[in-house]
Structure formats: C-alpha cells, structure tokens
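**Student:** Residues per chain, in single letters:
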Amino acid sequence: MTGMNTRGRVLLYGLLTVLLVVVIAPFVWMILGSFKTQGELLQSPPTWWPETVTLDNYTQLFSRLNFKQYFFNSTVVAVCVTAGNLLFCSMLGYALAMLDFKGKKILFIVVMGTLMIPGVVTFVPLFVLVANIGLIDTLPGLILPFLAAPFGVFLMRQFFLGLPRDLLDAGRVDGAGELRIFRQIFLPLAGPALATLGILTFLGSWNNFLWPLVVAQQEKTYTLPVALALYSTGQNSTQYGLLLAGATVVVVPVLAIFLVFQRRVIEGIATTGIK
Amino acid sequence: MAATTEVTPRGETGETRPSPRGGGAARRALREGPAAWMLALPFCLLFLVFTAWPVVQSLFMSLTDTKSRDLRSPFAVNVVGFDNFTKAFSDPVFRKAALNTAYFVVIGMPLTLGIALAAAVALDRGITKFRSAFRLGFYLPVITSIVAVAVVWRFLLQEEFGLINTVLGWVGITGPNWLGDPNWSMPGLILMAAWRNFGTAMIIFLAGLQGVPWVLHEAASIDGASAWQRFRHITLPMLRPTMLFVSVTTSIGYLQFFEEPFVMTNGGPLNSTISMSMYTYKQFGFGNYGYAASMSYIIFVVIAIVAAIQFRLLRDNT
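Protein sequences appear in the order of chains W and S. The letter at position 243 of the first sequence is residue 243 when you use this note's numbering, and the numbering goes up by one with no holes. One rule links them: number in this note's numbering = place in the second sequence (from 1) + 1000.
Be careful, since some hints might not be right.
Unchecked claim - Partial list, computed: chain S residues near chain W (C-beta under 10 Å): (1) 1085; (2) 1107; (3) 1144; (4) 1281.
Please keep in mind that the hints were generated in silico from the structure rather than gathered at the bench. Ideal Cβ positions, reconstructed from N, Cα and C, are used throughout, including at glycine.
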C-alpha cells in the first residue's frame, strides 16, 4: 500500500529508532546522573548506570538549597496563571465568538496583533511598571503579567465559533441572562478546549524563564528554572550531581503531565501551532 | 430597510431572517453589548496594563536615556531621539550579537526543519507500527524547560567526560572542546536547539501532511515517479502553507534565543555565543534601560522583517 519494500521499511525503522535514542538519551542520562556521586560524574569515559546509587544530591537540593521553596513558587505561579487564563480567555473568547458589540473588531485586531510580540520587547518597561507598583520579588509580580494571554483568547474563540448558535437562542428563549448562558450552557461544553489551554498554559508558565529571572531577585521568590540557571552559572556550577538532580526536579513533573495528557497537548499544537 | 421595522420586542427577527445588515446588527450590538463588555472587561484591563502599555512605553523608553536610577520617575528623563539606536549599531558587542543571532537562525532553522520534515514524512507514510510512540518521544524535549535541558547539555558537550565526545570517540573522531572553543560553541548550541525544537515542527508538518492526497502519489508512482520525485513535486509544494507557518514561528523563537547561552556559555568564549536577547538582558542588568529598550525594539523589527520576507517567499505565487 505504501509502495515500499521490506528492506526500505527496516531501514526506516532503524533510522527512526536511532533518532529516538538520540532524543531520549539526554533525559535518561540526566535522571541516572542525578543518582551518581560527583566522582563518578567526572569519570572518563562516562558511566551509564550509577556504580553507587546515592540520594545525596536530592537531600542537598531540598535541605541546603531550598528547592522546596522554589518548587512551591513555581507551582503557585503556574496554577494561578493557568486559572486566570482559563477564566479570562474563555470569557473574552466567548464574547468575540458569539456576541456582537461595539468595538469588537478593533479589540480582536489589537489582541491578536500582540500575539506575536516577543517577551523581550516588553520586559524593560514591564519591569519599571511592576517595580513602581511594588511587586518586585513577589509572587503576584510573577503572575499578573501573564494572567491574560492573547493565545488563550485565540484558542477559545476558535472553539466557541464551532459551537451551534442555536444554543444561544435556546437559552434566550428560556429567559436566561447572557452571563448565565455563558456560564451554564457554553462553558460546560468547552471542556476539551479548556483542558488544552490549561495544559499548554501550565507548561508554558512552569518553563518560563526571562521574566522570573528579571523579577525574582531574592531567593524567596525564585522559580525552579531561575534557581537552576543561577546555581548552574554561580558557585555551584561544578556540582554536577546537584545540577542534574535540579534539572530532574524541573523536568519530571512536566514529563508526568505530558505523558498523561499527551494526546491533548499534541492536538493542541497541531491545531494552533504554538507551544 | 423594511426588515428593521419588523423587529419584535424580543429582537429575534434580525437574526432569523436574512435581513440586510445595518439595523439588525446595530440592534444586536446594542442588546448584547453590556454582557459582552462585562465578559471582555477583566481580560482587557489586564491586557491594557501588562501588554499594551509596555509595548507603547518601550518605544518611548528606547528614545530616552532612562537608567535604573530613573525607576521611580520614568517620564522625568531626557529624550535623546535615535541616539540609542545609532549607539547600538556602532556597538561592537551588539554587532557581534547580531551576527551570532543570524548564524544561529541561518544554520539552526534549516537543520531543525529538515530533521522535522524527514521525521514527519517517515512517520506519516513510511511506517505503520509504533507511530504514536515515535511521535511522543520526538516531542518530549519541546515541553521541557530550556534551562534544565541546557544544564544537561552542558555536561553532554564536555570535552573529556561528555557523552557526545565519547560517542564520537567510538567512531574514531576526537570531539572538539565544544563550549570552550569559540569556533565550536555556536555549533554546540545549534545542535542542542535542533534537538530540542524539531518536535514542534514535526507535529505541525504531520498535520499538514494529512492534507496531501495520497491518490496523487499513487498516480505519480504508476507513471514511474521515484519516491524522491514524488516528495519534491507533490509533497513539498502542497506543504507550502505549513512550511510558511513553521518557518515563521521557528524563526521568531530562534531570533530571541537566550536561555541556551545564558546557561551554557554566558555568551562566551570571546562573545562567540552572545545573542541579541542576551546582550539586551545584560544592558538591562547594567541599568541602561533606555539602551536595552532600543535593542529590544531592534529585535522586534528584525523579527517582523524576517516574518514578512518569509511570507513573500513562501506564499502561493501562482
């Protein structure tokens, strides 16, 4: 059917498997390495399986280096940002898809126009703004600028456009108010879109780096990537086991979420094209 | 028009009947407006304060000599016109950063998209089993933190005990001191970027390949076209819109590359990996806010121009 002979197919499987090994190996090496001693990590040639398994790196991470706090910060920020985007983006997305109002076109163009504006363009004035409202080194300072992202509006609007307008008219005939129609008829139907948006937003926030690096200037507000980056470039830069354990702590929760929800994530990427 | 006079008190007629625009739409907007704006308001407030305002402000700031000591009074600064921009273009480090960024994009993007397209085509038609397992595996690096990945790759690229040079040693190649050699530092970062990012492009290519009708391939192969000819003359042209989308989004990401040099090389050795974003961040760190804002605007304009060029080149020119 595919017009390929057996030898070609075996070759293809072989190449794909090699590529898969190349892609996965760094993760496996990271996780295995996080259980190795410093001495073993400096061996040449490098070992694959740990010769002596040690949990020392993780103990140090959470006792000496305060990764508990960073984990907590990352989680709070990601949960709040996700909740905010689910709420605010679905509200505006619904209004843009289903309702008619003055200024709708302009609003849509302006919000979508900023979809492509990179974070590097706004971080300096944003820093000045956040500093002036006294939110440097606070979790709200990490959360507020990301609560309302154009990407979510785009995704939710696309989804609501696909729902039948009859539902809206039926709700009105039954005498329900506009907000109630949104909350009780449309929002419950938006489960799949909300799940996709929620997962993508959570992953994006968890991995976010530039803004937390700018705003979190004291240890107490570091997120995991900030802490890991600063430790890896600072005085712990040669504590290889410690850094691999840190990287594992950053990566593993995300891998777990991804493996559970992978279909939704991949479909989300395929339809919107934005990670 | 007649239809507007027929609107019932419940206002349903304007929608159910194919009435002319104008009256019906205006009435609908009037009735739905308050609810719509209530739904839009929270987003709009946050958006105005944290997105729209900084965009406008960054343009103003780039025309001033704002320093960190002006933090409390962002408007009590001197307007210096385009001085920051001329300064940036004559700043040797910024020029080096611009060249490095170009290097990263020009080499990194084709590499990333090439791997992505090859993997997508192989997964789409070449194999029948384990397709979703491969797809899942290839996509893994994309969702992980660049910082964590960069930390790991710093070790993989070590000269003596790094995994990559060890593997190269198996086939008799003495690997370079990747991150310590100014000639090899950027290739090292590019390898890592391709490794991390090809999964996104692959997923989008896979979605695009669904739109290539298989009958065309069958017809062509009956006519004696080879697999490569079919790929070149059927698949590639039909993937054009997907290609445009993937290359625009990838270049936007690559033009801002920041985490990789921040974690792996700190821009070195000898500024061989400093990127425009990273130099902007450094100037921000020195307290030169106005200067940093102007450089961030340059990045923005470059991104817009590069995107526009790709639209020109890749849109359907029939």
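**Student:** Now tell me, hint by hint, if it's right for this structure.
**Tutor:** Structure-based check of all given hints:
1. 1085: Hint on residue 1085(S): violated, closest Cβ of chain W at ~15 Å, above 10 Å.
2. 1107: Violated, about 18 Å.
3. 1144: holds (5 Å)
4. 1281: Because about 7 Å separates residue 1281(S) from the closest Cβ in chain W, which is inside the 10 Å limit, the hint holds.
Checked against the numbered hints above, the structure violates hints 1 and 2; every other hint is satisfied.
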